[in-house]
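J.: Take a look at the letters that make up each chain.
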Amino acid sequence: DAGVIQSPRHEVTEMGQEVTLRCKPISGHDYLFWYRQTMMRGLELLIYFNNNVPIDDSGMPEDRFSAKMPNASFSTLKIQPSEPRDSAVYFCASSSAGYNEQFFGPGTRLTVL
Amino acid sequence: KQEVTQIPAALSVPEGENLVLNCSFTDSAIYNLQWFRQDPGKGLTSLLLIQSSQREQTSGRLNASLDKSSGRSTLYIAASQPGDSATYLCAVVHGSRLTFGEGTQLTVNP
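These protein sequence lines map, in sequence, to chains A and G. Here our numbering is used: the first residue of the first sequence is 1, the next is one more, and so on. Here our numbering is used: the first residue of the second sequence is 114, the next is one more, and so on.
You may find that some hints are simply not true.
List time: in silico SDA-like cross-link candidates among lysine to any residue, alpha-carbon distance up to 20 angstroms [stated by the list, open to error]: (1) K155(G) to M40(A); (2) K78(A) to E101(A); (3) K114(G) to F65(A); (4) K155(G) to S87(A); (5) K155(G) to E101(A); (6) K155(G) to D63(A); (7) K155(G) to G3(A); (8) K114(G) to P8(A).
It is worth saying that the hints were derived from the structure and are not from the lab.
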C-alpha cells in the first residue's frame with residue numbers, strides 16, 4: 001500500500017482565500033484523523049471520522065474550518081476564509097480501529113500571507 | 114483533560130550510547146500508547162504501539178515500556194546511531210483520540 005496520501009504538500013495563499021487540503025487514507029482503514037502541528041501548540045487533533053461519519057470535531061478551531069469524507073477513500077479539510085494564524089502543517093492519519101496504530105501522511109505545509 | 118509531558122525536551126549524545134526518553138501522562142485510563150519519530154519537515158513515522166495491557170514492546174534497537182498505573186512510558190534506544198537523530202513523540206490513546214507530548218529532539222553525534 002502507498003500509505004496515507006496528502007495533497008498538496010505545500011500551499012501558499014493569501015489571507016481571505018479558500019484553502020482545500022486533501023487526504024486519501026490507507027485502503028481498509030475505517031478511521032481518518034486530521035491534525036494540525038504548530039510550534040506554539042504542538043500536534044492537535046482537529047476532527048476524526050469513522051466509516052465516513054464525523055465523530056468528534058471538538059478540535060476544529062472555528063467555523064471557518066470544515067471537513068468532509070464523501071467516501072472511504074477521500075477526505076477534505078477546508079478553510080474559508082483563511083487567516084495568517086492558520087499557517088501550520090496539517091496531517092492526515094488513518095487506522096483500522098479507533099485505538100489501533102495510526103499511520104500518518106506526509107503533511108501539507110500551509111502558509112497564509 | 115489528558116496531558117502528556119516528555120522529558121527531556123532535547124538530548125545530545127555521542128554515537129553508540131544507550132539512551133532513554135521519558136513520557137508521562139495524567140490520566141491512566143488509556144487504550145494504548147504510541148511512540149513516533151519525526152524527521153525535520155517530514156511526517157510522523159510510527160515506531161511502537163503498546164497496548165494498555167502490555168508492559169513493553171520491542172522493535173530492533175528500540176524498547177518501549179509502559180507503567181499505566183504511574184502514568185509513565187520510556188523509550189530505550191540501544192547503540193544509538195547518527196541516523197537516529199530526530200524528534201521523538203509519544204502519544205496516548207483514550208477513546209479514539211491521540212494526545213501528543215511536545216517531543217524530545219534527539220541528536221546523535223558521530
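J.: Each hint should be assessed against the structure and marked as holding or not.
T.: Verification of the hints:
For the hint pairing K155(G) with M40(A), the CA-to-CA distance comes to about 18 angstroms; that is within 20 angstroms, so the pair holds. For the hint pairing K78(A) with E101(A), the CA-to-CA distance comes to about 26 angstroms; that exceeds 20 angstroms, so the pair is violated. At most 20 angstroms may separate the alpha-carbon atoms for a hinted pair to count; K114(G) and F65(A) exceed this at roughly 23 angstroms. For the hint linking K155(G) to S87(A), the alpha-carbon distance of about 16 angstroms falls within 20 angstroms, and the restraint holds.
With a C-alpha separation of about 19 angstroms, the suggested pairing of K155(G) with E101(A) holds against the 20 angstroms cut-off. Restraint check for K155(G) and D63(A): not satisfied, since their Cα atoms lie roughly 28 angstroms apart, outside the 20 angstroms limit. Using a Cα cut-off of 20 angstroms, the hinted pair K155(G) and G3(A) holds, with the two alpha carbons roughly 14 angstroms apart. Simply put, K114(G) and P8(A) have alpha-carbon atoms about 33 angstroms apart, too far for the 20 angstroms limit, and the pair is violated.
The structure fails hints 2, 3, 6 and 8 (numbered hints given earlier, in ascending order).
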